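J.: Chains as they are written, first to last, in my numbering: chain L, 1 to 440; chain Y, 1 to 440.
I should point out that these hints are in silico values taken from the structure, not numbers from a laboratory. Quantities reported herein were computed from a predicted structural model and do not represent experimental measurements. Just so it is clear, CB atoms sit at the ideal spot from N, CA and C, and this is done for glycine as well. Hints are supplied without guarantee of correctness; some may be wrong.
What the hints assert, rightly or not - Taking lysine to aspartate or glutamate and the EDC-like style, the derived pairs with C-alpha atoms no more than 20 Å apart in a straight line are:
{"#": "1", "chain 1": "L", "residue 1": "Lys172", "chain 2": "Y", "residue 2": "Glu305"}
{"#": "2", "chain 1": "L", "residue 1": "Lys61", "chain 2": "Y", "residue 2": "Asp107"}
{"#": "3", "chain 1": "L", "residue 1": "Lys172", "chain 2": "Y", "residue 2": "Asp310"}
{"#": "4", "chain 1": "Y", "residue 1": "Lys113", "chain 2": "L", "residue 2": "Glu27"}
{"#": "5", "chain 1": "Y", "residue 1": "Lys172", "chain 2": "L", "residue 2": "Glu27"}
{"#": "6", "chain 1": "L", "residue 1": "Lys113", "chain 2": "Y", "residue 2": "Glu30"}
{"#": "7", "chain 1": "L", "residue 1": "Lys113", "chain 2": "L", "residue 2": "Glu305"}
As the list claims (entries may be wrong) - Among chain Y residues calculated to face chain L with C-beta under 7 Å, some are:
{"#": "8", "residue": "Ala39"}
{"#": "9", "residue": "Phe43"}
{"#": "10", "residue": "Arg45"}
{"#": "11", "residue": "Ile48"}
{"#": "12", "residue": "Arg82"}
{"#": "13", "residue": "Val84"}
{"#": "14", "residue": "Gln93"}
{"#": "15", "residue": "Leu176"}
{"#": "16", "residue": "Val188"}
{"#": "17", "residue": "Gly197"}
{"#": "18", "residue": "Ile277"}
{"#": "19", "residue": "Thr278"}
{"#": "20", "residue": "Tyr313"}
Stated by the list, open to error - Label pairs and their calculated CB-CB ranges:
{"#": "21", "chain 1": "Y", "residue 1": "Glu380", "chain 2": "L", "residue 2": "Leu176", "range": "32 to 42 Å"}
{"#": "22", "chain 1": "L", "residue 1": "Asp107", "chain 2": "Y", "residue 2": "Leu176", "range": "49 to 59 Å"}
{"#": "23", "chain 1": "L", "residue 1": "Glu110", "chain 2": "Y", "residue 2": "Asp302", "range": "27 to 37 Å"}
{"#": "24", "chain 1": "Y", "residue 1": "Arg213", "chain 2": "L", "residue 2": "Asp62", "range": "50 to 60 Å"}
Number of protein chains: 2
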Amino acid sequence: MSRATASGQVRQILDMNAFRPGDTDAEAVERRLANLGAASVLFYREPIEMVSAEGAWMTAKDGTRYLDFYNNVPSVGHSHPRVVEAVSRQIAQLNTNTRYIVSVVDDYLEALKAHMPDSLSNVVMTCSGSEANDLAMRVAMAATGGTGFIVTETAYHGNTALVTEASPSALKRGSLPETVIAIPPPSVQHSGEDIAGGFRRSVEMALAEFARRGITPAALMADSIFSSDGIFADPPGFLSEAVDAIRAAGALFIADEVQPGFGRTGDAFWGFGRHGITPDMVTMGKPMGNGFPMAGMAVRPDHLEQFCADVGYFNTFGGNPVAAAAGKAVLDVIRDEGLQENARDTGALLLEGLRDVARADARVADVRGAGLFIGVDLAEEETGRPDPDLTVKVIDGMRSRGVLIGAAGRYGATLKVRPPLCLKREEAEQFVEAFKGALS
Amino acid sequence: MSRATASGQVRQILDMNAFRPGDTDAEAVERRLANLGAASVLFYREPIEMVSAEGAWMTAKDGTRYLDFYNNVPSVGHSHPRVVEAVSRQIAQLNTNTRYIVSVVDDYLEALKAHMPDSLSNVVMTCSGSEANDLAMRVAMAATGGTGFIVTETAYHGNTALVTEASPSALKRGSLPETVIAIPPPSVQHSGEDIAGGFRRSVEMALAEFARRGITPAALMADSIFSSDGIFADPPGFLSEAVDAIRAAGALFIADEVQPGFGRTGDAFWGFGRHGITPDMVTMGKPMGNGFPMAGMAVRPDHLEQFCADVGYFNTFGGNPVAAAAGKAVLDVIRDEGLQENARDTGALLLEGLRDVARADARVADVRGAGLFIGVDLAEEETGRPDPDLTVKVIDGMRSRGVLIGAAGRYGATLKVRPPLCLKREEAEQFVEAFKGALS
């Protein structure tokens, strides 16, 4: 692959780890491109037409079954019967908005809040994580009087205008506005062994730069497992110093739990839980309804009041009874099937299996993560440099071995290992075997 | 009601026509406020707990059945069995994102596009009308190089940061940014009998003001039935001159069809269809999935390309197969049950009935609309001034007569008549009777 092509490929991977179709001429792909146009983001150069899915498995039109390690939305398992039943029952009975009281909505909110720090006792329900982060940024501005946001350098927080400005990985051209500063993720490469101190110093440098610009900081916003940056989970607790630093400057900490939330990290229900911190706001989305479009923001009542004094906020679909039923079923399944514990145990098994591969193959430069959220760095054997070409080959090779997986990180050279939380031990083993096969 | 209270009441009505609970002590209300906090927007001072809904009717916990003339989301009827069946079937089979090809998604997009002008051949699916308008504004900026938006003075286009700035009715404090200019809606009060010319002149004055400010215009964005402004539908075609004016300035016309779309106006499938114009972009939402959270933007491929050159846009839940199944069922029901025709015919009956009331009662100052989207101005008998106090009394009086209805307009003195499209003649008659009763 030429340098230009490789660079383009990296760019495509960074563009949310997706590929546009290249040399495939399938009618279905043409049809999709005619419908979605330039906004079409199909996975793989030869995209897959899917017809059904169950548990950790997706089935293509040609009958091929794929083990899904890519899509972290159907987190309790594709087509989970309890979620299906809850949605089907509620949508047949009542689907309306929060201008009326509907008990299932408050039942859900109370069940959700039972997992939250007591201080975050208000929840605003939205349709997407993007809407939740858009709102959280505005609440932070209203609560602090500031406008400055600190994010990590390959962060992705969503697709609205405001949130895109705080999502370096979404920008193909142009630069961040002066109100947003991107700092390196909390990795050994950037901070050496003192991850906590290094990340705190990055936050402090950004605060100093805001001071130089005459901008009051509003918040540090971070995905607490840094998924788009390449997954940085350890050591637990490292976020605490940075959170202290941002608060010392009068600004807030927004925990974007869209990726790590709902038990995925195994150790805790939320990613921030691993760090012993209480965020000022928590945003959540993707796995919240196992695919039913829903998201939300947990917030301190006084902060929400400050925002609502200026703006009338209402979300037509947010907090509808069907979403609440889906969300309640997800919480029930996580509890009843012990999915957080399974994420911890099966995740540990998977991590160990991948580390075995790393010990035998120098191209597997690092394996790290928490629970069922693992990052695998792929590098050139001789130089140790991130290898996006190899990453693409491994992704394609795993596809041909029936495993779906994507990439992340600044160089697009980190496999983002993110299966449903119901993953079985034998499925984890199957993944490791496919990985070995794709590397060979 | 004191002047201060009346003014506060108007403010509350303008805040999306909703009331906070006042003197009710119901436990359910306390619970809701504890959960949603300052963002809670409950309808009526004594809010209603709903348990089920079907067709045009909602049933409260105490057994009271209400005729729903307020909620235009379940547009083909609450709990419509074909939508319920489509969602229940698809969610049990496959719910994933648009990185994979799933035929129901393209089936839906093609069915939707069959209702669109040929030029708008790309559709971006989102979760909410807010996300669709947020995206449309950015596409307009990318396509024109401009940043200026013209909206109407009580417009509401959604809840994201960018769209809120273009939604005068959402602002409780502060003012619009210099990139947004609000113009009067196309009403007789503002334009005399020459609605088309008056509205065009307002657009031209806003363009002149942008020139003075050194701002390049990006778009005129208008709900083509001006629902938040008080519902202005006639004469059909009046938008054409304003659209010509905005295009002459190198800017675009965004038709926000979240309210009037999907057959509601009776005369046409989209509100803009009544005006003989082809928008540069069409945004849609609320009734699109009959309550399933989904929305979208139809756009010219070249405009979308210009936007996507700068920003990687992806919407996790947008265009998921369950939304597509819901949306397809909605389109099928509108066609098979002749709901656009019913909106036209039952709407005409309702309009006539309301005009009969107006002829007999000077407080009913004006009745206007198209199909099943009708505005009813309530005014002081002596002065003819908009009467928000009377409007609140009528809304409460109709509630006690089993009819749900809200208000809109700059003064909060316009009843927003917006029942499901499946409304029966006898239900329209029942509404007129309840209105008469509430006035007496």
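J.: For this structure, which hints from the list above don't hold up?
T.: 5, 10, 12, 15, 16, 17, 18, 19, 21, 22, 23
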